[in-house]
Amino acid sequence: MQDETLTPAARPIRSRLASLRRHPLALPAALTVLVAVTPLFLASSYHYRIAALVLIFALACLGLNLLMGYAGQISLGHAGFMGIGAYAVAIGPAHLGLPSWLSLLAGAALSALVAFIVGRPILRLKRHYLAVATLGFGLLIAIVLTNEAEFTGGPDGMAVERMQLFGWTAKGTVTWYWISAITFLLGAKLALNLIDSPTGRALRAIHDGEVAASVLGVDVARKKLAAFVLAAVYASVAGSYLALFNGHITPDVAGFLRSIELVAMVVLGGMGSILGSLVGTAVLVVLPQTLTVLHDYEHMVLGLIIICIMIFLREGIVPTLAAALGARRS
Amino acid sequence: MIVLSTDRLSISFGALRAVDRVSLEVEEGLVFSIIGPNGAGKTTLFNVISGLYVADEGRVLIAGEDVTALPPDKLARRGLSRTFQNLQIFFRMTALENVMVGCHRHEATGLIADLLHLPAVLQQNRRSRERAMAALARVGLASMADQPAGGMSYGALKRLEIARALASEPRLLLLDEPAAGCNAVETEEIKAIIRALAADGVTVVLVEHDMRLVMNVSDCIHVLADGHTLAEGAAAEVRNNPAVIEAYLGVHGTREAALAVG
Ligand SMILES: Nc1ncnc2c1ncn2[C@@H]1O[C@H](COP(=O)(O)OP(=O)(O)OP(=O)(O)O)[C@@H](O)[C@H]1O
Ligand SMILES: [Mg+2]
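Chains as they are written, first to last, in this note's numbering: chain A, 1 to 330; chain B, 1 to 262.
Hint data in this document are derived by calculation from the structure and do not stem from the laboratory.
Hints are supplied without guarantee of correctness; some may be wrong.
If you want the footprint, here are the derived chain A segments under chain B, 3+ residues with CB under 8 Å [unchecked claim]:
(1) 88-98
(2) 200-214
(3) 217-230
All C-beta atoms, glycine included, are put in the ideal place defined by N, C-alpha and C.
Put together the whole structure using the sequences plus the hints.
Listed below in structure tokens is the structure:
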């Protein structure tokens, strides 16, 4: 719509809306309202369960989006870090006598360390080569989790103790909805902070031109590594939550399909869009659940929907719609 | 003081010796131009000096220090900045954000501070934004600050690259064909920018095919052909050097030669 077509009275409102949308707290506020209001529409424990899963996977996607959407580096093995986080909260209490919350932090630290060590050589690779190398990393983690049966329970997985904090036990779908919601909001705010910072600008610069970024003083290898480590920590925390929420874990959490799913969520929602991480995840978690009514055609319809989204919203759901609405990408 | 010098710098691509024992010395605060026919090795020389390529032989010194094997980002931190003949723009960022990346070498906040948006980061953002706005204003692009770079015209992008290099506040600036593809007005603007930079004490090394511009702004001109040095001197000397005229007439640059001689 052209501004000229608006009545004089409508114009200031429009520009005020536009500047509101551009306010740095606009998206955090909108996300907060969204997760606060969603429970009004959740009618059953099953609904809460789906919503909590969306938020947990969206948390992992936030990190992956920093890596893919902002820094422009792909990871096809990202579920490997979810696996590390998930098994940390399973093994810590069961075998090492650590409390769950400490195991979660230890898992995140271990993920960061592994990402730091693996990332150094791997991130030198570009595009398809990086894709295959990260894929190999993910497979490796999944195989270790499957083979170290005395620790991990092998392919059958293992039970996960409930998390206790100061004598309070985190259980139930409603509780986990709120835990994941608050963590997601926190993760989103940190990601938004990063984007609007020297590191964030350097990452986006690397995405568009490594050579130009480097001659401007950006240590490209180091910044990529920072993004990789950060993405690993997000995934690890998400993996821990998933394990604690489900109370049981199998090596599938770190599997190849999970990694692909994470990438699909990021791309579908929109690379380089924080809101997109949530929307893409919501689509890929909720759709399969609703499509089960189609029985045998479930996967076919899901595949068709994904193809159509990518054809008609090729930049991903959020960036394409935002562009159509004339809004800035967020 | 000699800000930049190269000592018998050489690099080969297979059998092609693209830069062949080139030695030059650039005085602080001067405009030093490097000219030569297409394929003479000018861009390659820039790539070696700025750390994108590693020399096979020879040395690069900045302010007397050997920086030969340093990576580009380390060189940037020593005050070297450059633009590219074929644009290297961050197309998904706005004009202002592009230039803010130019401030990177002055930004000193860490990853954790950036994640938490500590006050130091907010202050840094503000400072970088101001510095970037000033650089944009300097090349006449202040009004386009919030435009996505992907939608800007070629001439504007050329100047955007200069602004981005300026934002790093270099002591040594390498410009690779800043006026290529620019119209007469834009070329005049670029000339004024180069002059102003030199007046501010920035050392400018200019590669450019527009001979009118080169002859106009250069304190010293270094001529390359087939990777090696053909001549060096002030505009008038180089213009009348028979070897230079022949190099231009012999290869492609007939138009430039006519200009250079005329
Ligand atoms: N990366 C590379 N690999 C192989 N050959 C290269 C490479 N870069 C440059 N060359 C070759 O080196 C020679 C010098 O190229 P260069 O780009 O430095 O010339 P130039 O003086 O900048 O020319 P122009 O005025 O056309 O920009 C050319 O023959 C070019 O083909
Ligand atoms: Mg060139």
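Hint check results:
no. : hint    : result
1   : 88-98   : violated (count 0)
2   : 200-214 : holds (count 12)
3   : 217-230 : holds (count 6)
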